[in-house]
Amino acid sequence: MMRNQSIKKMVYLTLLAAMAIAINLFESAYLAFMPFGIRFGLANIIALITIELFGIQEMLGINLMRVMLSSLLRGTIFGSTFWISAGGVLLSSLCLIVVRKGLKFPIYSTSMISAIGHSVGQVMVVMMIYQQIHLMYIIPILLISSIPTGVLTGMIAVGTLKRLKVQL
Amino acid sequence: MKKKDLLVMLGIVVIAGVLYFGLKLINEFSNKEEERFGYVYYRNQIILAFDIDIDKVYDFDGSYGHMQLEVKDGKWRIINEECPNHICSSMGWMGPEDLIPIVCMPNEVYVSYEGEE
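Which chain is which? The protein sequence lines are A and P, in order.
Under the numbering used here, the residue at position 40 of the first sequence is numbered 41, and the numbers go up by one with no gaps.
Under the numbering used here, the residue at position 12 of the second sequence is numbered 30, and the numbers go up by one with no gaps.
It should be emphasised that the hints constitute simulated quantities derived from the structure, not laboratory data.
Hints may contain errors.
Stated by the list, open to error - Here are some, though not all, of the chain A residues that point toward chain P, as calculated from beta-carbon distances under 10 angstroms:
| id | residue |
| --- | --- |
| 1 | Ala33 |
| 2 | Gln133 |
| 3 | Val152 |
| 4 | Ile157 |
As the list claims (entries may be wrong) - The calculated SDA-like cross-link candidates involving lysine to any residue, where the alpha carbons are at most 20 angstroms apart (straight line), are:
| id | chain 1 | residue 1 | chain 2 | residue 2 |
| --- | --- | --- | --- | --- |
| 5 | P | Lys20 | A | Gly160 |
| 6 | P | Lys20 | A | Tyr131 |
| 7 | A | Lys163 | A | Leu16 |
| 8 | A | Lys102 | P | Lys42 |
| 9 | A | Lys105 | P | Gly29 |
| 10 | P | Lys93 | P | Leu117 |
| 11 | P | Lys22 | A | Pro149 |
| 12 | P | Lys42 | A | His135 |
Owing to the predicted nature of the structure, the values given are computational and were not obtained by experimental measurement.
All C-beta atoms in this analysis are idealised placements derived from N, C-alpha and C, irrespective of residue type, glycine included.
Can you build the whole structure from these sequences, using the hints too?
Following this line, the structure appears as structure tokens:
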């Protein structure tokens, strides 16, 4: 019985990770048309679902796996893009943990704040790599844009969790 | 959507506004230097410093060929460059409020403004 449970969990996590990677690749290929590098951050949906379904550890695992594997699939692993997305994912995971598990904010706020974490983390890494302090000017734009994208990802996550019958 | 969500949204908008105007103020403040210099870099080394308030045409060489930098009315541009695509001169006039440097890859040259000596 124990064994069954752990296998079930492993399959779930693997599926979630696969979905996160697929969404990530799809988004960077087809939804990268907006100015200032604004993106929907659809892979954040998976992070939200995972932290609700399982917990902090599993969410971190899936997020890191997503960054590793999707940059491996794109063939840019350990290049600058890898470090940029790693910075984004780390800060966004941190925001997710603090806001959702620590402060117990509702899911839409969590989604928005972790979207902010993602973009700010990326901008900070870019600022460090390329030594361009002027990139700070993009942060207000990214903050504003993370409201609609955060609400969108939050809505999708809430819809999914409802269908999975999780008590929010 | 709960009340807390709306509050968070409001908070984000306020923070973004404060950041935007704060950065704008800082930028304006730092532009009020008396001597304003721009620099021409060749392979990461400064080969030319120019006062943007003095109208002058400067000559220098890149890896690909000769180029000129025209400074006029606090703005500058690249002219008469020898390179395949002429991207640097098509960027046109740049001023201190433009944050992007003029870059010429074939010549390994970039022109950037840093605001202080």
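So which hints don't hold here, by number, going up? 1, 4, 6, 8
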